[in-house]
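Could you build all of it, start to finish, from the sequences and the hints given here?
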Amino acid sequence: MKITPEEARHIAALAYLDFSDQEYEALATHLSDILDYVEMLRELDTSNVSPTSHLLESGEAFRDDVGRPSLSETEALANAPERGGDHFKVPKIIG
Amino acid sequence: MDVHRLSVRELRAAFEERQLSAEEICQALLTRIERLEPHLHAFIRVTAEEALEQARDIDRRRAAGEQLGALAAVPIAVKDNICTRGVLTTCGSKILQNHRPIYDATVCRRLRQAGAVLIGKTNMDEFAMGSSTENSAFGPTRNPWSLECVPGGSSGGSAAAVAAEMVPAALGSDTGGSIRQPGALCGVPALKPTYGRVSRYGLVAFASSLDQIGPFGKTVEDLALVLDVIAGHDACDSTSSDVPAEHALDGLEGGVEGIRIGVPREYFSSELDPEVGRSVEEAVKLLESLGARARSVSMPNTRFSVPTYYLVATAEASSNLARYDGVRYGVRAQDHRDLRSMYHKTRSQGFGSEVKRRIMLGTYSLSSGYYDAYYLQAMKSRSLIRRDFEEAFREVDVLATPTTPCPAFRLGEKLKRPLEMYLLDIYTATINLAGVPAVSLPCGWSKQGLPLGVQLIGSHFQEPVLLRVARTYEKARRFREERHALPLENKA
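If you read the protein sequences in the order shown, they are chains Z and U.
Each residue of the first sequence is one higher than the one before, starting from 90 at the first, in our numbering.
Each residue of the second sequence is one higher than the one before, starting from 292 at the first, in our numbering.
One should not assume that every hint holds.
What the hints assert, rightly or not - Under the rule of at most 20 Å between Cα atoms (straight-line distance), these lysine to aspartate or glutamate pairs were calculated in the DMTMM-like manner: (1) Lys766/U - Glu301/U; (2) Lys636/U - Glu171/Z; (3) Lys738/U - Glu773/U; (4) Lys707/U - Glu114/Z; (5) Lys671/U - Asp125/Z; (6) Lys705/U - Glu112/Z; (7) Lys707/U - Glu112/Z; (8) Lys576/U - Glu686/U; (9) Lys181/Z - Glu686/U; (10) Lys636/U - Asp110/Z; (11) Lys91/Z - Asp110/Z; (12) Lys671/U - Glu128/Z; (13) Lys705/U - Glu439/U; (14) Lys181/Z - Glu171/Z; (15) Lys181/Z - Asp626/U; (16) Lys385/U - Asp626/U; (17) Lys178/Z - Asp616/U; (18) Lys576/U - Glu566/U; (19) Lys707/U - Glu439/U; (20) Lys738/U - Glu573/U; (21) Lys705/U - Asp122/Z; (22) Lys178/Z - Glu162/Z.
These are computed hints drawn from the structure, not numbers from a lab.
What follows is the structure, encoded as structure tokens:
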């Protein structure tokens, strides 16, 4: 599978990442190499195989629906890059 | 007394017999760290003041006649992707360089309750993505046995710190080999427990279905001691198992009489360095001479493990790392025009190149049109790899393989070729895909004087049997007794 620099640009947009033109070239090469390598998985006949998404077969882990102490506002905001009062502050969204 | 020489159990004994106070132990190791750290860079942060305070507190509590825990007075280092309340936890990344967790990971809480002294945060590949610790935003760690070589990764700081006897034990995390591979390359015993055995609460997520926390130590006995403290169900991690955690320490000295060891043919492939292969074969022979029965087994899907691993791990990573957007924590880029450009700039400036490469690969394999061909096929191939293990463990108790295809390599040697670096996980990533426990033990030295590692693999939740076999091997192999001085120590 060959990834073009344009495709790399599209994937980057999906992942909220930016690169320089030179980096897109290098990424396209690296990703193509890796995808060529993982092609070998196509050799496997998986028509009757179900996918593994969870390792433990114990099922859902439910707990009793009772209130527990949670983070205070001060704690929750302690690492905020920017805050306004009791909120996380972000750049303006609606003009 | 050379305090840095002592194992966890020996330190405990010296503390209990009042030969050493917790403060003396802590101070001795801090002095050792101060001396070696400039050469090795095993730590991102040494928390000397906090550690001495914890140690004095342990001494005060002992003086007051309090009952103290299993690790009282034992200094332990923790990988920097494990949250420590109030102490910077960076994951080796610029994007988290100012991140001060507001809570302790469950493993840290349990270590503190057991009386352990948390002495610092160890260096790592950014977000645990790498096999050499060269991907740390804060500079690489060096292998104590050869400063030109990498310590392995991603938990390279923890492995190097234990190998250089800066600490008797350390915690790392293992997603595709990140505990066992640096363990092998630095010559220290290292354990990845069964998936679900140890709570991941407070471990910064890389690939949630693969990640597991585990210990490095000087002896298998110490691995069991630390595991018994950190293992067990945790309501804060819905994937932590409620299968009761059987104490690994109890049956440790039971020997290997009648134990069935499987040697999977597929792990002795052409990629394997002959020196590593020979030392693993010798390890199996030694176990046979002690009463174990070895046989060859086949695990036909082994060669699919690295491609499966890199698709599953990067897909999960691309989703897990979406949270770094400069809003709730971490470093926010400053020169943005609007919200969207703030996200883009924050992530592009904050992440290093390997992390971005993996986010890209994961995003691609999850994207519309490619999901079935890549991610779904990888999850199915994962089922086949698990089946290989289930079938093997019907016939044997433990599997023995190399941990890595080669000994430690030179800094920079594999950085330019990502795929070559990925192939280093060839013998370790299978284990995470299956979720079984595995330990790497030092089993010899290369001609260049670098440690070699054997990997022993157990069945789900069979850590007690696995560690019993490992302990029997370690006692017979006498690796610790044969330890020679580090090149650094000879110079001094």
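Unsatisfied constraints (hint numbers, rising)
9
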